[in-house]
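Chemist: Start from chain A and add chain B according to the hints.
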Amino acid sequence: MFEVLDAVLERAVARGANDVEVFAEASTSRHIKVYRQEVEQLTAARRRGLGVRVFRDGAVGHAYTSDLSESGLEEVVARAVDHAAVSDPDEFSALPQPAGEPADVHPYDERLAKATDDQRIELALKVEAAAVAADERVKTVEDTVYADGEAEVFLASTAGVRGSYRSNQCYTFAYVLAEQDGQVETGYSYSVGRALEALDAVACGNEAAQRACRQLGARKCASMTVPVVLDPFVAAAFFGVLSSALTADAVQKGRSLFAGREGQAVAADLLTLADDGTRPDGLDSAPFDGEGTPCRRTPLIQGGVLQGFLYDSYTARKAGRASTGNGLRGSYSSLPGVHPTNLVVEGQATPLDEMLAGITKGVLVTNAVGVHSGANPITGQFSVGISGILIEDGRLTTPVREVTLAGDILGMLSGIRALGDDARWVPSGSILTPSVLIEPMAIGGT
Amino acid sequence: MDPRSIDRDLLHGTIARALRRGGDFAEVYVEDRRGLGIRLEDGRIEQTSGGHECGAAVRLLSGERTYYAFSDELDERALSAAADAVAAAMAGGGSGPAVVELGAVRSAPEKHPVRVPPESVAIARKAELLRAGDEAARALGGEIVQAIIGYGDSRRRVLIANSLGEIVADDRTSVRLAAQIVARRGDVIQTGVETLGGAAGFELVGEAIAREVAAAAAGKAKTMLDARPAPAGAMPVVLGNGFGGTLFHEACGHGLEADAVAKGASIYAGMLGEVVAAPIVSAYDDGAIPNGWGSQAFDDEGVPTQKTLLIEQGRLTGYIYDRLRARQLGAAPTGNGRRQSFRHVPIPRMTTTFIAPGEATPEEIIAATSRGFYAKSLAGGQVEPASGNFVFGVAEGYLIENGKLTTPLRGATLVGSGIDILRKIDMIAGDFEVKTGMCGKDGQSVPVGTGQSTLRISEMTVGGTA
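Chains A and B supply the protein sequences, listed in that same order.
By the numbering used here, the letter at position 128 of the first sequence is numbered 128, and the numbering carries on one by one without gaps.
By the numbering used here, the letter at position 339 of the second sequence is numbered 339, and the numbering carries on one by one without gaps.
Incorrect hints may have been included.
Stated by the list, open to error - Which residues of chain A face chain B? A partial, calculated answer using Cβ under 7 Å:
1) Arg-56
2) Val-60
3) Ser-66
To be verified - Counterexamples of contact, computed for chain B against chain A with all Cβ distances above 10 Å:
4) Pro-304
5) Thr-317
6) Pro-357
7) Glu-363
8) Ala-368
No lab work stands behind these hints, which were simulated from the structure alone.
Idealized CB from N, CA, C, for every residue including glycine.
This is chain A alone, in the form it adopts within the complex (with noise of 0.2 Å):
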C-alpha cells in the first residue's frame, strides 16, 4: 500500500503543493443478527480507500476516495488541491511534523482472524439462547448482534511521517423486550473484546435479560431532589458528552464549559478521568493518532482539578503546545478532529452494595434517553428522561420510567460522593466507568 501513498505524495508535488498528507486504510467486517435462534443477517464487508490533506500557505484541502487506479489518484490529487484554494487560510494549519516513535501498542489479536463464520454464529445463538432462558418474562431478543472488524492502516507525509499498523476487535450486543400485565420494557447489554475467547456471550444475554425484567411494573415517582447512582452505561453516556468539553476544539471555539478552568476544582477531590489511547484492552488504542503523533495517556480531571485538554496537531500549534495524539479520522473520508480515546474513569472504589447501603432514599439509574441531545456541553444544563429503580432504606424497591433527571454538568461532577468497584468498557466512545454515585439531583416526576 506504501507504494500507492507515495505514488499520491508525488502527483501533489508535481501539482506544486509541498505539504500533503496521505491516510489509507483496508478493512474487512463481518456482522451477524441472529433472530429466534437463526441467522437473520450476515454482512460481508470489503473496504479500502484514501484521503488526501494537502495544506497551502495555512489553508486545507482534502479529498478521499476509492478508487485506487491511476485516473483515480490523478483526480483526488486535483481535487485535494482545488479544495485547499477555495479554504481560508490559518496561520496555526500546518502539515503535521513527525513526532517520535509510535506507543507499544499492539490492538491486534491472531485468534480473531482465524475466527470463522460458523463460530461467530454459534456464539451469537449463545447470547440469544442466554437472554431467553434468563427469565420467562422475556417476550423476544429484538436484536442479538455478533461483529467484528479488522483495519490496516497507512499514514504518509512529504513531512516524512510514515507508518502503519492493524487492529480488530469484536463484541456481542443484546436488545430485550420483556413483558408483563400488558407492560413492554428494554434492557440491553454488551461483551466486547479482541477474541471470540474473550466475548462472555452467557452474561451478556442475560444481562439484557435481567436489565430488561427488572424494570416491569416501573411507573412515574414523585418530583424530589435526591441521592442518584448512575450504572456504568448511563454513566458512560454522560462522561461521552463531558470529554466532548474537555477537546481544545470546544475551548478554543468557545464552546466548552471548562474553558479557562486549568488548574481549578471541577469535581468532587474522588474523581480522576483521563484519555489513555494506550491500553491494552481498550478499544480506541493504537500506536498513532490519524496524524502519526503517538497515542498515550493524558490525565483530564485529577483529584478532581482540572488538568488540561485533548489536542491534535492543529489546537496544539494553536496553544503553543504539543498534540496529546487525538487526531483522530473516524475513516479513510474524514478528516482528523479532536476526539478521545478510550476514556477511564479512576479513583477510590466503594462496593457497590455499600454504596446503595447508605442511601435512605434515591434512585439507581440505568437508562437515560437524550443524554447527546438533552445535556448541552456549552452551558453543562441537562435533562434527560430516564427509567431506573427507586432505592429506599439502602435497598433496591420499586422500578420507575418517564421521569427526567436534570442538574448541569458542574454541580453533578462536584456532587460525586463515590465511585462503585463494577468498573467496565461501555463501548459507544470506548469508556470505562464504574457506577457513580451523586449527590443531589433533581428527579421530575409527577
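Modeler: Then chain B, alone, in the frame of chain A:
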C-alpha cells in the same frame, strides 16, 4: 464511473452466482457517489472536503434471512467474490430460482429534475453562500458570537438489478444549507439552527436564501437569550409547524416501520384498522414529493417511491415497508427500502412522514390555550420503538398564558409516549411546512423530511429545570 456502464451479462452472472446454492431472491446494487462539504466558522472557510466512492453490494434473501456482501471495487473479481460470500452462507440445499433475464433499464429523471448540476458550479461560488450567511447572521448585532454555516452537495448514481429481472437506474442529486448560530449575553449562551435542502440542484440555493437561513437561525438564538428556565409538569403542549414534526417522526413513525412491526417490537404491531390516534389525525409517508429532501424516484431496492396513507382519521391503515418485510407480512412494498450507501443493508425507512394539515390557524390554537407550553422548534430526541417512549429537547419554546405567547423558555424537554400523544392531539392548523433532517437507525443515516402544521396535544409532560 456511471453505474449504467456496467456490463449486463456481468450483473446477470453475479445474481445467478449468488443464488447457486439456494435462496429465493438476489440483487446487485452498484453505486457511484460524489460529495462536497464546505463549512464556515469564525468567519473563515475551514478545511474543504469532498470525494468519490464507488462500490457494489450483493444481497441474497432466503425466507426471512439476509446475506449481504460489499466491496469498494467494481470489477468482475470483486463482484464474484461478493456473490461467493453470500452464497457460502447458504447451507447448499440445491440452487435458487432461475434468474429472469434483465429487462429494459427503468429510470425517472423527470421526477426530481435538476436544473443546475452542483458539479457545474465553481466551488468558490458555493463558498460565497457561506460568507453571505455569516454576514447576515452577524448583522443581527453584537450578541451573535459565532456562526457555523455549512453547504453540502452530493450526487449518487445507483443501478439496482435483481433476480426478478428488474433493473433500475437512479441519478440523485441533493443540496443542503445549514446554519448554527450562537448568541451570548453575559453567561447565557443560546444556539439557533435552521436548514434548507432538497433532492435538487444548485438552483435551490443562492446568496439571498443563505442570508435568510442564517438570519432565521440567528433570530432563534437571540430570542432564546431572554429565555427563563422552563417549568416542569403536565400541561397542554402546542407543537410548532416544520421542526415540530420531528416528534411524530421519532415517537410514531419509527413504530410504523415494518421491521419493528414484523418483530412485534412496535406498539403498532397487529393494530391495522384500529384506532391509534384522535379522529382529527391523518398521517402519510411521502417519498415522491417533487425535489423534497427525503425524496427519490425509486427506493434503494428499485421500487418506485409513493405517498402512503399511514393513519386515516385516527385509524391505522398502513406501515412503511421494504421488500423483505412486505413479503414477510403479505403486503405490497411501499418504496421505503432505503440504505445509506452500498455499504448498508436496505431496511424500512421513512422518507417525509407527517401528520396531515387541519382546519385551524396557529393563532386560534394559541388563543384557545389558557396555560401551556409552545414548542416552536425541537432539538434532537430519542425514542424506544418498543414502547414509543420518547424524550425531546426543545430548541425554542415559549410559555402560553391566557391564550398568548409570553416568556421564552429554555432547558425544556418533552417526555411521553407516541401513542399517548397521538390520542391527545385536539387541534391541527393548516400551516403545513417540511424541514430537512438526517435520520439515524441501525447505524445508517439517511435524509428525511420532517414536517407538520402547528398542532396541540391536550396534555404532555414537560421536563423543565425551573
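Chemist: With reference to the structure, classify each hint as holding or not holding.
Modeler: Outcome of the hint check:
no. : hint    : verdict
1   : Arg-56  : 12 Å, violated
2   : Val-60  : 4 Å, holds
3   : Ser-66  : 4 Å, holds
4   : Pro-304 : 25 Å, holds
5   : Thr-317 : 24 Å, holds
6   : Pro-357 : 27 Å, holds
7   : Glu-363 : 29 Å, holds
8   : Ala-368 : 26 Å, holds
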